[in-house]
Amino acid sequence: MGVSDILGLFNYWMVIILMMIGFYTVVSRGNLVKKIVGLNIFQTSVFLLYISMGKVSGGTAPILTGKPEVYSNPLPHVLILTAIVVGVATTALGLALVVRIKNAYDTIEEDEIQAADDETEFGDPQAAEDHRR
Amino acid sequence: MIAAHLPILQVAVPLVAAPLSVFCRRGATAWTLTFVVSIGAFLISIALLGQVLDQGVLSYQLGDWAAPWGIEYRVDAANAMVLLIISGISTVVLPYARVSIAHEVEAHNQTLFYTCYLLCLTGLLGMVITGDAFNAFVFLEIASLSTYVLVAMGAKRDRRALTAAYTYLVMGTIGATFFVIGVGLLYMMTGTLNMADLAERIPAIGANRTLVVAFAFIVTGLGLKLALFPMHLWLPNAYAFAPSAVTVFLAATATKAAVYLLLRFLFTIFGTSFPTFEPTLTYLLLPLAVIAMFAASTVAIFQVDIKRMLAYSSIAQLGYMVLGMSFATVTGLTATIIHLFNHALMKGALFMALGAVVMRFGDATIDTMRGLGRVMPWTMAAFVAGGLSLIGMPLTVGFISKWLLVTAALESGLWPIAVLVVASSLLAVIYIWRVVEAAYFEPPPEGVTAGEAPPALLIPTWILIGANIYFGIDASLTTRVAGEAARALLKTAS
Numbered sequence: 062m063g064v065s066d067i068l069g070l071f072n073y074w075m076v077i078i079l080m081m082i083g084f085y086t087v088v089s090r091g092n093l094v095k096k097i098v099g100l101n102i103f104q105t106s107v108f109l110l111y112i113s114m115g116k117v118s119g120g121t122a123p124i125l126t127g128k129p130e131v132y133s134n135p136l137p138h139v140l141i142l143t144a145i146v147v148g149v150a151t152t153a154l155g156l157a158l159v160v161r162i163k164n165a166y167d168t169i170e171e172d173e174i175q176a177a178d179d180e181t182e183f184g185d186p187q188a189a190e191d192h193r194r
Numbered sequence: 004m005i006a007a008h009l010p011i012l013q014v015a016v017p018l019v020a021a022p023l024s025v026f027c028r029r030g031a032t033a034w035t036l037t038f039v040v041s042i043g044a045f046l047i048s049i050a051l052l053g054q055v056l057d058q059g060v061l062s063y064q065l066g067d068w069a070a071p072w073g074i075e076y077r078v079d080a081a082n083a084m085v086l087l088i089i090s091g092i093s094t095v096v097l098p099y100a101r102v103s104i105a106h107e108v109e110a111h112n113q114t115l116f117y118t119c120y121l122l123c124l125t126g127l128l129g130m131v132i133t134g135d136a137f138n139a140f141v142f143l144e145i146a147s148l149s150t151y152v153l154v155a156m157g158a159k160r161d162r163r164a165l166t167a168a169y170t171y172l173v174m175g176t177i178g179a180t181f182f183v184i185g186v187g188l189l190y191m192m193t194g195t196l197n198m199a200d201l202a203e204r205i206p207a208i209g210a211n212r213t214l215v216v217a218f219a220f221i222v223t224g225l226g227l228k229l230a231l232f233p234m235h236l237w238l239p240n241a242y243a244f245a246p247s248a249v250t251v252f253l254a255a256t257a258t259k260a261a262v263y264l265l266l267r268f269l270f271t272i273f274g275t276s277f278p279t280f281e282p283t284l285t286y287l288l289l290p291l292a293v294i295a296m297f298a299a300s301t302v303a304i305f306q307v308d309i310k311r312m313l314a315y316s317s318i319a320q321l322g323y324m325v326l327g328m329s330f331a332t333v334t335g336l337t338a339t340i341i342h343l344f345n346h347a348l349m350k351g352a353l354f355m356a357l358g359a360v361v362m363r364f365g366d367a368t369i370d371t372m373r374g375l376g377r378v379m380p381w382t383m384a385a386f387v388a389g390g391l392s393l394i395g396m397p398l399t400v401g402f403i404s405k406w407l408l409v410t411a412a413l414e415s416g417l418w419p420i421a422v423l424v425v426a427s428s429l430l431a432v433i434y435i436w437r438v439v440e441a442a443y444f445e446p447p448p449e450g451v452t453a454g455e456a457p458p459a460l461l462i463p464t465w466i467l468i469g470a471n472i473y474f475g476i477d478a479s480l481t482t483r484v485a486g487e488a489a490r491a492l493l494k495t496a497s
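Heads up: the protein sequence lines correspond to chains A and B, in order.
Using this note's numbering, you'd call the opening residue of the first sequence number 62 and step up by one each time.
Using this note's numbering, you'd call the opening residue of the second sequence number 4 and step up by one each time.
Some hints here could point you the wrong way.
[Claimed, not checked] Covered stretches of chain A, as calculated for chain B (at least 3 residues, CB under 8 Å):
no.: 1; region: 134 to 146
no.: 2; region: 161 to 169
[Claimed, not checked] Partial list, derived from the structure: chain B residues whose beta carbon lies under 8 Å from chain A:
no.: 3; residue: F137
no.: 4; residue: R163
no.: 5; residue: I184
no.: 6; residue: Y190
no.: 7; residue: W406
no.: 8; residue: V409
no.: 9; residue: T410
[Claimed, not checked] Cβ pair distances, simulated, as ranges:
no.: 10; chain 1: A; residue 1: P135; chain 2: B; residue 2: V215; range: 46 to 54 Å
no.: 11; chain 1: A; residue 1: T143; chain 2: B; residue 2: R29; range: 31 to 39 Å
no.: 12; chain 1: A; residue 1: Q175; chain 2: B; residue 2: W418; range: 40 to 48 Å
no.: 13; chain 1: A; residue 1: K128; chain 2: B; residue 2: G53; range: 51 to 59 Å
no.: 14; chain 1: A; residue 1: Y132; chain 2: B; residue 2: V215; range: 14 to 22 Å
Please keep in mind that the hints were generated in silico from the structure rather than gathered at the bench.
Here the structure is a predicted model, which means the values were calculated and not measured.
All C-beta atoms in this analysis are idealised placements derived from N, C-alpha and C, irrespective of residue type, glycine included.
For reference, chain A alone in the conformation it holds in the complex (with noise of 0.2 Å):
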């Protein structure tokens, strides 16, 4: 691998680091906002690879100017729109949510949401207690 296939392709290996560390986000974090911002890194490389895979090097934007020129595909750019539009839908509504958990479960972390579920369902922390072992 060399040089070039670095520098050439550096818009594809931001994607595929992006896309890890989002997806690292998601599942090592306890904290339900975290989560959401985890989430929101990991759809962003992917906005990232469509606008990047329309891009034609030295093209502008397609505009009709009346003489020949070399453009940049729009499709990719357009779809990535509506793509961007679902994922501040799911913000939102995922932050919706972590609003609603904190008023039932007074609390926005995983484990003591857990522990808190465990009750109800078990009866006495003690008994939840020996259900996880």
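Given the coordinates of chain A, assemble chain B onto it according to the supplied hints.
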């Protein structure tokens, strides 16, 4: 004239009704609008299925833009059948939902409940009817986002509905994002998003790393969406804590739409000649399906909450569907598609019976079920009938599914798989028997008086039970359509 526009009306009618329903002051008005729209969608899907069986594939160009550039809606026997399942179940669920939702959701949320329900219906119908890969993603997200809200509406009964909806949101978004990454990579290599176009260009490119990665992302993403073991973790709690009517609707339709999309991508778009097609089916989907059949059924046996027990049973049943497709034969796919339909009927009926119990007692644990055979005889009779169908008793639809699945396994020369299908049915006997034992052989707790569920709940439940038995005795119609659908997916002449 209007017949030519049925494909778009199938999606547009519920989509337009959704914002309109926001303006309904009372939940009952919103319900009426939703019900009328749902009946309309059902009639349209019946008409579409009729047209497809008569004249073959229907293609509809949105806004008259020619196919590869504009979005195309493409209806063949496979998606016509899934459309029918979704709109049909929705129409049966809604009369049930009117009473059940009025009871389980706060009054000020009821109008918005039906708005989300309509959006969910739109999304599910859209992702099934569309012939455009990115359009499928958009509808998938419309269906998913509204589903998260519908699940969270169960918070009045149990706050765990909120965490279930949150988990579902995180895992569902990861699944959908994987799917859209795959679609993006496909576009990168082929320059098209039209499914029919993709199906032509992918074999022309042949073995290519990017296409293989796209394949992996799409199969994983859809696997998450359809709750393929071991990516099923979001499902049990979402089904257990959602309002009863939502559980019925989701269990009968949502995962089915994802199964359909997986079928479409595997068989139509990538096609059987794709380099990773066979290894994926043989070494990934087949073992996972078999593990799902056993692991999920075993977990179901030990559940205290019967709603969650049936949710685990759904994961096992999805295993049967994936097993059918992993054979990649006409009989296998027929078994998958017919089980999509049959499972919607049986799980719909079972969850409806449980919903009636939840409405009366507030929950549906194994403790609550004690003596219910005498307390709610009609509800429990429906549960038993649905349970027999789930097990695969002759004269029920469950038997037809299992029969076809076993035949398909034997046809592919995989007799151990056929034995495993039958063996896993025994696990279903155990978990259904637990409920039957509690309901019929134990006395009801002190102070519980006999009282049947209201007819608004019982009638839809028994309609589904009736369908279970009718299509179990006379399966000629369903097998014909499912066979047609399987041939359409495999592109073999009928």
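For each hint, the structure was consulted:
{"no.": "1", "hint": "134 to 146", "result": "holds (count 5)"}
{"no.": "2", "hint": "161 to 169", "result": "holds (count 4)"}
{"no.": "3", "hint": "F137", "result": "holds, 6 Å"}
{"no.": "4", "hint": "R163", "result": "holds, 6 Å"}
{"no.": "5", "hint": "I184", "result": "holds, 6 Å"}
{"no.": "6", "hint": "Y190", "result": "holds, 7 Å"}
{"no.": "7", "hint": "W406", "result": "violated, 39 Å"}
{"no.": "8", "hint": "V409", "result": "violated, 38 Å"}
{"no.": "9", "hint": "T410", "result": "violated, 42 Å"}
{"no.": "10", "hint": "A/P135 <-> B/V215: 46 to 54 Å", "result": "violated, 28 Å"}
{"no.": "11", "hint": "A/T143 <-> B/R29: 31 to 39 Å", "result": "holds, 34 Å"}
{"no.": "12", "hint": "A/Q175 <-> B/W418: 40 to 48 Å", "result": "holds, 44 Å"}
{"no.": "13", "hint": "A/K128 <-> B/G53: 51 to 59 Å", "result": "holds, 54 Å"}
{"no.": "14", "hint": "A/Y132 <-> B/V215: 14 to 22 Å", "result": "violated, 31 Å"}
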